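If you want the building blocks of each chain, they are given just below.
Number of protein chains: 4
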Amino acid sequence: MSSVKKVVLAYSGGLDTSVIVKWLQETYNCEVVTFTADIGQGEEVEPARAKAQAMGIKEIYIDDLREEFARDFVFPMFRANAIYEGEYLLGTSIARPLIAKRLIEIAKETGADAISHGATGKGNDQVRFELGAYALMPGVQVIAPWREWDLTSRETLMKYCEDHNIPVDFASSKKKSPYSMDANLLHISYEGGNLEDPWWEAEDPEMWRWTVSPEAAPDKPTYLVLTYEKGDIVAIDGQAMSPATVMEYLNKVAGENGVGRLDIVENRYVGMKSRGCYETPAGTVMMKAHRAIESLTLDREAAHLKDELMPKYANMVYNGYWWSPERKMLQAAIDESQKVVNGEVRVKLYKGSVTAVGRRSEDSLFDEKIATFEDDAGAYDQKDAAGFIKLNALRLRIAAGKGRDLK
Amino acid sequence: MSSVKKVVLAYSGGLDTSVIVKWLQETYNCEVVTFTADIGQGEEVEPARAKAQAMGIKEIYIDDLREEFARDFVFPMFRANAIYEGEYLLGTSIARPLIAKRLIEIAKETGADAISHGATGKGNDQVRFELGAYALMPGVQVIAPWREWDLTSRETLMKYCEDHNIPVDFASSKKKSPYSMDANLLHISYEGGNLEDPWWEAEDPEMWRWTVSPEAAPDKPTYLVLTYEKGDIVAIDGQAMSPATVMEYLNKVAGENGVGRLDIVENRYVGMKSRGCYETPAGTVMMKAHRAIESLTLDREAAHLKDELMPKYANMVYNGYWWSPERKMLQAAIDESQKVVNGEVRVKLYKGSVTAVGRRSEDSLFDEKIATFEDDAGAYDQKDAAGFIKLNALRLRIAAGKGRDLK
Amino acid sequence: MSSVKKVVLAYSGGLDTSVIVKWLQETYNCEVVTFTADIGQGEEVEPARAKAQAMGIKEIYIDDLREEFARDFVFPMFRANAIYEGEYLLGTSIARPLIAKRLIEIAKETGADAISHGATGKGNDQVRFELGAYALMPGVQVIAPWREWDLTSRETLMKYCEDHNIPVDFASSKKKSPYSMDANLLHISYEGGNLEDPWWEAEDPEMWRWTVSPEAAPDKPTYLVLTYEKGDIVAIDGQAMSPATVMEYLNKVAGENGVGRLDIVENRYVGMKSRGCYETPAGTVMMKAHRAIESLTLDREAAHLKDELMPKYANMVYNGYWWSPERKMLQAAIDESQKVVNGEVRVKLYKGSVTAVGRRSEDSLFDEKIATFEDDAGAYDQKDAAGFIKLNALRLRIAAGKGRDLK
Amino acid sequence: MSSVKKVVLAYSGGLDTSVIVKWLQETYNCEVVTFTADIGQGEEVEPARAKAQAMGIKEIYIDDLREEFARDFVFPMFRANAIYEGEYLLGTSIARPLIAKRLIEIAKETGADAISHGATGKGNDQVRFELGAYALMPGVQVIAPWREWDLTSRETLMKYCEDHNIPVDFASSKKKSPYSMDANLLHISYEGGNLEDPWWEAEDPEMWRWTVSPEAAPDKPTYLVLTYEKGDIVAIDGQAMSPATVMEYLNKVAGENGVGRLDIVENRYVGMKSRGCYETPAGTVMMKAHRAIESLTLDREAAHLKDELMPKYANMVYNGYWWSPERKMLQAAIDESQKVVNGEVRVKLYKGSVTAVGRRSEDSLFDEKIATFEDDAGAYDQKDAAGFIKLNALRLRIAAGKGRDLK
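Residue numbers (the UniProt record's numbering), protein chains in the order written: chain A, 1 to 407; chain B, 1 to 407; chain C, 1 to 407; chain D, 1 to 407.
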């Protein structure tokens, strides 16, 4: 066991991280700094202060990071249209590098030599936290209690609490969700419990929290107009909004319309498949709308290049390589493309689905005069197409002419 | 004008291609062979025979290509999860190489030296037809009347009919859709008319033909179980079906649930943006379900490789390079991956959306024992994760340790 | 034939472009502006002035573009390690966007509505010139005489000269190379003649001009130390040099050592294969050395990402899409990676080969303490590797454990 | 320490693996099976038998795997033109999956439950061995002594030999190379010693073993004609040869001409940079010649697709994922492309460089009639190029026409 002087813990105020506080104090005999962040998870963070104080913590950080999260993490990622494995909008993944960054900032401020987190040894989050921490403070020590201790069952954990006078809110504990959950401005996720059977339909009404079911959504659609500047939403229905406000507003409206539920089996970076359900109301709308505004304003080859780069980018985010040279390279390419992604998208939300029904922009590359089925007054010379096809076909004609079978 | 002896025309039996028959006979003074195919467009093809005969055509080909289309074109493409520009399921694109192939087969059978089609000089279809034709018969001549003649307005076309005694079904002509349409087993498309304004919501109830609106769909969801073998659907709700039957069945059921509408602006290969609406009921279900069965059975890196290759594959199909060495290379890679894509997916169709709610397979790589949040009895050693993270972080730690800024 | 008022011609002063001057004047009855650039082709450009004047040209542009060419075109391209089809260093390709840009600048200055060039209709250069011109002045007219006129043989061309009193320097014409050549600071190329037989060894001593044969090179190697800043060479053997000077110096020294000959069959954008020989002395050294300095300073994943992007980038340059959103996106990613590409590379030139024999940098990520085979004093914990391998193997072990054959 | 019954050891017969035999017997108290393979390393393998017997080994496997190595590993990899980080021909990497496969075959034959190897915990080879082993026998135990024991210095190792009566051939030990070496049919590698300073020129004449220095090579070039079938060399100078014979022959001839030396800094999968020197005489010739025969026979887009896939493929081989679904997918694509890669390449070897000076094939796609600078009798219509360029430029013209800056 390495010697640790002071450790900064990502502290939720919940039971698990409270146990970690005690365990760190006892096991490493070190000072613990707690860090609790509001990243839009929808729970009060201030109560964490009293709990931390009760355990003797002297340095307590409680930050509202919602705007930074939306502006510097979620929005840049949506410029990339990032989707992992064709489905997942990376809601958990994108919050981790921000937490890692803040943990390290606090470590430097408080002179701590270690950080700690409550992620298990089976998941992706440990990787994301720790890659971020190592990238920003290479000499930092990382303590991942779930990989070290033997409190691996509910019972041993409860026993530990009892032995160490950690107050357990049994009421809250009883009604505790059977699912492992994670929430932030972008999404809420569910894993475990019945979900471990991929054939089981995730129809548990107790599970979903941010969206109504499509069946329960209003019978009339809701329309919104989203205004984009450089690939980011800056206003809704004409009203300017900050990034976090955009997300809060969309979460509310889309959630009311049953938009944003997802149920998938995904491949974790640590090598196993896992079933997860996600609610990403705002993100689902943002993805659809961003594609729509790009469809009007982005050059074709820029758009196709983005599509080819996207899986790489999504992998980087999923696997925890936000703070890396390769992500910065891709971001530079993506951001270069977004200068012209300005304009408005009109979306329709209805019983679980979101549709882009209109898009317009002063940077539109849609040219009615050329695209029209009517007379285009010479804007496009159809005869050019013959040469275009002939030369594109030339390599195939030569090959076929020399007897090569292209079927 | 080059000399042509005999030309095979892709003949729908409609007004436009009837004019082309006459125009070819007159302009090139050549024999015309007509070819009409049932690829699931939902219209009788047999009436084309009488019409062709009436214009003096002696060699008339009418083929039912639905099974070949579904089996050899649509299904292989869906193994790739091919989507163009994040949205479009390539419904028009995938039918063209089949038509091109059949045109060339007929040209060879009948000793024709040319083929002809009714696609305009502004669109993608001319490219797809002609690339296919050149690849399969490099010396063939291609006659694209829309690029050559001066019948560029409705009026001149009507005048031509009058002058050449081509019967115009004015009843049908009057109720003619204002949209340019194309249909086959996979989809029906709409372009032109009001759609040329990308801000206009495509709410024209006269336009959509294969799907009800989500609002008009039943208030109760429909569930289906799809059985996959090697990446292809072979049965629905336990009933074995041929590829074309799968598609017809899914088109019906999904269409009744309002599933499969799409409204986008896309980038054509010839260089312009174009707005199109599509109904792809079966395809929308197939895409969702195929992703779901892959999520359970495909290895992570195989899946990610497919995701990286997909945009290239979709481009090849969209641009008309089906009969090409590069498409065959990608198909070989994709098909190699599909051997294990077997099992069942349960989908829910409800008011315009399709959700995969369950998936199971004897080839599943989902390992409950490892993935579980409960005690895994040693199936996975959480301590391994520390080394995994340490070495993945090593390059970043070295860089940061040498003072490099990774933020 | 469209109406043209004034045309800017890329004018070399040679016979072909002199004929074009006359042909443009006669055919389009328009004013001709000539533009002649020194891009390092190794021939005087000033004589073009008198020739142009003799044909009545009033606006004559003669520019020394060597520094701009090296700094803004060649150097950025070498940051990408761009190689086309595994071999070709893109010497011709990279000069075309600069010519196109300057043609358009002059057109705007002189109020011209057209540009013209002497590239044939079979090659890549017409594409590169014209894509560049259209991208920078979308309404410009392009006149490509070789695609229009009927002076397609040496005889008809000579007859035209005779008829129009264009002086033919028969002495120069006689000793004219049988090869089609193109030269600039980066390379000289040869096509045609005996080279049209790909089995013929390009051993013609009259052909190669910038390099001695490896056999004729000195028996002792030459060593150079190249200093890099942000991916560009800024000094040689400790002496600061401008980009063009770097290239001129390296061309001389490498050429004397037989370095830089290349003999390939390549695929043109217009669809045919073509055999070409190239001399790229400086470029060959720069490619090797840039890889070497990157090997020391670039992060692994940044380097691998560059390698994956490189073929796309090379294609863009080869095909003429320098002035395009997609090239700018890739350049942004590449340039982002080059901030740390600083340091020195020592290269050895010997009888046709160039070897990087040493590399050092203050931005080096090579960590002797970690890499050493000797005792590393704990810098690297070998036990971490076990976990790293275990988790990387997990997906394979699960698959194999479920009976999947991975052989 | 887990319980092991019987372990199969990759045994070279050298000192290190002899120590491992003893250490395994002593530490795990288990039976040891030795496996020694001739993969062309150039040393007798039979002496390993007596040494193993002397240590009490009862099951001794000595295999000549040269043909399998060349045919099933090296040749398929060269079809991909695989190069890691622009330079490295993957000589060490490609041998590991074969060793892993054979270790597992022997484990199954002998009822062993573990395998062991002598690779260190810092390198790539441990990863390659173990990923292969886990993929082929997921329950196997892997013992990597260098990660477990404390014999980390020369001294402790010698002490161990002394204590355990392991005979040390001091003569051989004294003249032992200061470099860590690895050899097989494809290459010999050197790491460590002076090479740990990347600025030090690797001019140690004692180091290089398979090639003469370019300076010492003959003053006259050597020419060879290589015959390809489906991407593989099947004859040299008209003489049919097996894969291993091809490689042995080329190693000899190329080595005599100083061809195949490489000196690089590379990025290891475990996260550090490392300097290595390599001699790959046959491989260097094969790479150049394969590119040349492909240049004549491969379709352009197939070739470009291969170039885009190559870095991924090289990564897979380098990182040890030979036995993986993703490598098999890429191999399927690559092999699909190689059906037409037939013909002959003439290469010139001279003082360290290899040049392809001629290539011919019945599957050539080079079309002199089209490519010629002379009159092509209408094989290619230059006017087609105008339309080709116009439509390729259309998206750029539209963008520029709407005021977008493409510079």
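Since the hints were made in silico from the structure, they are not lab data.
Bear in mind the structure is a predicted one, so any value in this text is a computation, not a measurement.
Incorrect hints may have been included.
Using 25 Å as the maximum straight-line C-alpha spacing, the simulated PhoX-like pairs for lysine-lysine come out as follows [what the hints assert, rightly or not]:
1. Lys230/B - Lys402/C
2. Lys407/C - Lys328/B
3. Lys348/B - Lys220/B
4. Lys328/B - Lys22/A
5. Lys328/D - Lys402/D
6. Lys230/B - Lys407/C
7. Lys348/C - Lys348/D
8. Lys108/C - Lys407/D
9. Lys252/C - Lys220/C
10. Lys402/C - Lys339/B
11. Lys348/C - Lys402/B
Against the structure, the hints:
1. Lys230/B - Lys402/C: Given pair Lys230/B, Lys402/C holds - Cα atoms ~17 Å apart, limit 25 Å.
2. Lys407/C - Lys328/B: holds (23 Å)
3. Lys348/B - Lys220/B: This hinted pair holds, its Cα atoms lying about 10 Å apart.
4. Lys328/B - Lys22/A: violated (61 Å)
5. Lys328/D - Lys402/D: violated (47 Å)
6. Lys230/B - Lys407/C: Holds: Lys230/B and Lys407/C sit about 19 Å apart, inside 25 Å.
7. Lys348/C - Lys348/D: holds (21 Å)
8. Lys108/C - Lys407/D: Roughly 15 Å separates the two Cα atoms, so the pair holds.
9. Lys252/C - Lys220/C: holds (16 Å)
10. Lys402/C - Lys339/B: Holds, at roughly 15 Å.
11. Lys348/C - Lys402/B: violated (29 Å)
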